[in-house]
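**Student:** Sequence lines, in order, name chains A, B, C and D. In this text, residue positions in the first sequence follow my numbering: the first is 882, and each later residue adds one. In this text, residue positions in the second sequence follow my numbering: the first is 882, and each later residue adds one. In this text, residue positions in the third sequence follow my numbering: the first is 882, and each later residue adds one. In this text, residue positions in the fourth sequence follow my numbering: the first is 882, and each later residue adds one.
These aren't lab readings, by the way, just hints derived from the structure by calculation. Be a bit skeptical, because a hint or two may be false.
All copies of an identical chain are treated as equivalent in the list; a pair is satisfied when it fits inside any one copy or across any two copies.
[Stated by the list, open to error] When the alpha-carbon atoms are kept at most 30 angstroms apart in a straight line, the in silico BS3-like pairs for lysine-lysine are as follows: (1) 887 with 997; (2) 1158 with 887; (3) 1158 with 913; (4) 913 with 1084.
There are 4 protein chains.
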Amino acid sequence: MVVIMKPGFTPEQLQQAIRTMEAGGVKVMVSKGSETTILGAEGNAAGINQEELSLLPGVDRVMRVTEPYKKANRKYHPDDSLVDLGGGALVGGKRLAVIAGPCSVESEAQIVGVAKAVQAAGAAALRGGAFKPRTSPYAFQGMGNDGIRLLQEARAVTGLPIVTEIMSTDNVEMFEMCVDVIQVGARNMQNFDLLKQLGKTTKPILLKRGLSSTIEEWLMSAEYIMAGGNERVILCERGIRTFETFTRNTLDLSAVLAVKQLSHLPVVVDPSHACGKAWMVEKMSLAAVAAGADGLIIEVHNDPPHALCDGAQSITPDQFAGLMEQLRALAPCVGREL
Amino acid sequence: MVVIMKPGFTPEQLQQAIRTMEAGGVKVMVSKGSETTILGAEGNAAGINQEELSLLPGVDRVMRVTEPYKKANRKYHPDDSLVDLGGGALVGGKRLAVIAGPCSVESEAQIVGVAKAVQAAGAAALRGGAFKPRTSPYAFQGMGNDGIRLLQEARAVTGLPIVTEIMSTDNVEMFEMCVDVIQVGARNMQNFDLLKQLGKTTKPILLKRGLSSTIEEWLMSAEYIMAGGNERVILCERGIRTFETFTRNTLDLSAVLAVKQLSHLPVVVDPSHACGKAWMVEKMSLAAVAAGADGLIIEVHNDPPHALCDGAQSITPDQFAGLMEQLRALAPCVGREL
Amino acid sequence: MVVIMKPGFTPEQLQQAIRTMEAGGVKVMVSKGSETTILGAEGNAAGINQEELSLLPGVDRVMRVTEPYKKANRKYHPDDSLVDLGGGALVGGKRLAVIAGPCSVESEAQIVGVAKAVQAAGAAALRGGAFKPRTSPYAFQGMGNDGIRLLQEARAVTGLPIVTEIMSTDNVEMFEMCVDVIQVGARNMQNFDLLKQLGKTTKPILLKRGLSSTIEEWLMSAEYIMAGGNERVILCERGIRTFETFTRNTLDLSAVLAVKQLSHLPVVVDPSHACGKAWMVEKMSLAAVAAGADGLIIEVHNDPPHALCDGAQSITPDQFAGLMEQLRALAPCVGREL
Amino acid sequence: MVVIMKPGFTPEQLQQAIRTMEAGGVKVMVSKGSETTILGAEGNAAGINQEELSLLPGVDRVMRVTEPYKKANRKYHPDDSLVDLGGGALVGGKRLAVIAGPCSVESEAQIVGVAKAVQAAGAAALRGGAFKPRTSPYAFQGMGNDGIRLLQEARAVTGLPIVTEIMSTDNVEMFEMCVDVIQVGARNMQNFDLLKQLGKTTKPILLKRGLSSTIEEWLMSAEYIMAGGNERVILCERGIRTFETFTRNTLDLSAVLAVKQLSHLPVVVDPSHACGKAWMVEKMSLAAVAAGADGLIIEVHNDPPHALCDGAQSITPDQFAGLMEQLRALAPCVGREL
């Protein structure tokens, strides 16, 4: 921790700042610059009341110098974490994990059909929404419990683990019983009550980055889950909100590199939601893998024009198979395999 | 609804687009520009499958021309809505409604003391957090149910209605029984499950704008609550996330004007969270009222340096009383009173 | 200056960092925290090669703790600066300075007519564009030199100082001779070559904030002009670019408070360009003054629907007169006069 | 062009809107929806006074449906444009063009040394700044004309075409004589005066995207140059400004796909300025090529810790050679070669 004093601080103010720091159990070093005096804490600064310190007269500001996340921090866990999606499909290692499926579960024929198709193309897991977060209350809200049942059927047929989004704490218990990977959507990334409850489950959590979440806030949300006891967190970059409106969001691939440096958790990329345009999915998937993503989550629909949700960003099973071929060719160039 | 055809569309593609629109129950007008052909729907376009239409070959894009919110829309409710905070304190009329209190409830002495002070200065309601959304799982999370009890005590002493944030659907029933105004925080603005449940309650909802929510998304979240049956929604502008980091967020006062034109709902402003600096609160409060806000929600703490949360943005009861004096002087200049 | 060492740095790396700092002429204080070791500079850190230091092995990052602007900094010039717009009309003191006029000069009748009208309503200066920065090369680019001549005529008739935008270094000499206040537009805020040349002129410079400029970058652009010898800089907040598209830009009124704390320079607000909608100008002008702006710059056009530029955000002379009445009433509530 | 009428418009207002459109030389189609009436222009809408139309009573808004750029538009030039950097090195075709070199030219030994190294690794051109846009007036501003001379020497030795940034219209003539590719920096993307003058030159222009420029604004700036007669424009994505501060900017790789769909111009990516961190350059370069970029521009410095500018984001010649090896392996996976 570093404390910057205001210009013109008095000796009493300096003493008060030092006392407040010492009360937190540290030894204080004083550096008097020509324009600025700074105080450094020698020892463990965790016990210092930072808010109080920052509001003392004569104190300009208090700068934190260590990351606020611990369990998610690579410093305390240098090796990459591998997370099992279910049935042994790992994400975070050399092999890329591609999760694919429709935005929404719509019928048995649809979800089982798509599941078979993406499995044939090499997908590691099946995605599909049963509970849908929609901006409009008048839009299709998902099939709910029936959607979960159809996902289970698709799993029974293909063996693929199923990934689906949770929207309510009421469903945590049911999701833990029924699904393989619980997805937290971008809009719920700071639904702390939900994160806490997921911290008590044993299922992997796919944690999407919020629309305007900094990398640090995203890792802090992972920390919420991990602090509760569940360390099986998979991060998912899905685009951030910027001034640009040509794409639905702006895919931030440098965030993949950032979180892999800051954290040991695996990270996958969702090009479908990031771009909002099916024709962009292929190239942005290749770019994501080239940037170092551990996997992808891609919207695949048997009949995009008639999809009940997000058809514009869904690719067809044939396009998905073509994409997987390209990924298979590109992966070795970046030390990966598929 | 307007459909823009791609350059080089075929006559068959045009016919298919027209048929898809007609299947939705409208008559279609075709305008052939020198570069672009557009189709307009004559009649009620609600029955058209917009996603399907937009994905037809030859169709470039589909533009919506009506707002997607209905109950929140001023077009269908030209008069300003007034919402009773409890005990007859209205927000949305000529009289400004100022809600004040600490970020967190910390003790009986604290909350009752602050309540008395803000009441004496003219506040219409008491705010105070019992369940706190904190970025870090290791930060103070609020007193929970005990906090609610202390707020009730402060209400018993002062008669002020109490406003507090809900973080979990588990608490909806309890909040409906115990508090006067239920606040939805910025991070939960698109927690649709929570919004739906609040739509079934009878208490006014203070709906904060999300950190990166457009005005339309904010009104759509209000629509979620209203569509459920609860039309007592108060909007709250609290700053949006931008590239600027000097302030915690960027207070968007033009949004006050925008929502008051687009919607009949009352809107209040939270300068404390927007700026994150106590010394900015006074002037930004005056600016908010000058811009046309129906009220304010302000963090007031008896001892900011020792606040358990957000001390840096809290003003003292004395500063609050001074601010109220200034608001009282300025209000008549913009046709208001306090 | 504060240097944060990486975890696991070696004693040699620490010594190298210390030597590099000492080579810059400072004494170094070392604070060993439980997780982090930091180095503080005692003395004047200006001589340290910060880039080199930050790239040394073992060094995590170097944090600057003093502002990089000097002449614009309030620390070295505690009193508010007053700038004379010409003819004794000061900006930065108790009296508000309102600059008004059309987006573009279009004809003698238009500019003289508007000049008389805004003067009658109490404007301190006349604005009008002769050289226009337009996104499209096919849009009206302004009357150029003829526009400057018409502005001079309007000045001759009314005595109002004239404010107009410069777009090219080729025009610096001519502007210095012909106009009273030289405006630097948002898109040229970091046209450093232009800033340097304006630093050698003797005319006041109205420096608009760039669309995505931080407050520090804005002050650094002011510093460019001041470092050249021209300290007569007026800052102008005109909205920043954010994700919100309802308004043309997002007016950041908290920036007014920020720059007035960080700098001694006067600051005016342009609600016309910020909002892009004429119906928002009145209320946002009142809000700007309530927030502490030293003045306003407002687009006024005799016939907005037929304006050659920006008609949608221009108010009429009658509306301007009404706004001035309201400002006259509100100003005393915030310690100002008009 | 589409005109949306306000609810409750009168028949006279409708007639006035139609007349205004017809005065522009088009036939008008009227579509009466249940909630909204829209007008479509049949014929060439270019003659309509859109501003006037949008401000008519009864008119809600006017929506443009065609892109405002013509020469840069792929619709009128379906084939990819190839631009010769000088000496036959093309950008925009199958072969990737990698431009590399230091942020600033610092000495003959430095620039010639780096030029030889990047040529040996396969670079198509040499970059190096002689005139530097620096946020601070007190920072190193480049060697100026001497820097240009040293770049010419490096070209004489290696044969590599030279790419360098122009900051002032005063230098247009000299740049046209001395350099091969003229770079317009992000901060000057809307320095329209400069763009116009570059439109009269015969040298290729590398046009960087502004920090907060939309894709449309970027293409409009290209249009400025092309409208002047110089169609040899190379677009350069270099990161946009967002709320995220971990990286210097946020590299928007989806913009590469967007401009390649909207325009025929070649596009290269600058990962160095986008990320601001040398350790990110390799992976983001691979990602850019995977996304479809036609080339890269990369900062390479012989001794990054002692660079006079941007050392933190510069890679060494050895790292550059390693990156080129990786690009050579990856290129064929996306139909390219190096």
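**Student:** Mind listing which of the numbered hints don't hold for this structure, in increasing order?
**Tutor:** Hints 1, 4 not satisfied by this model.
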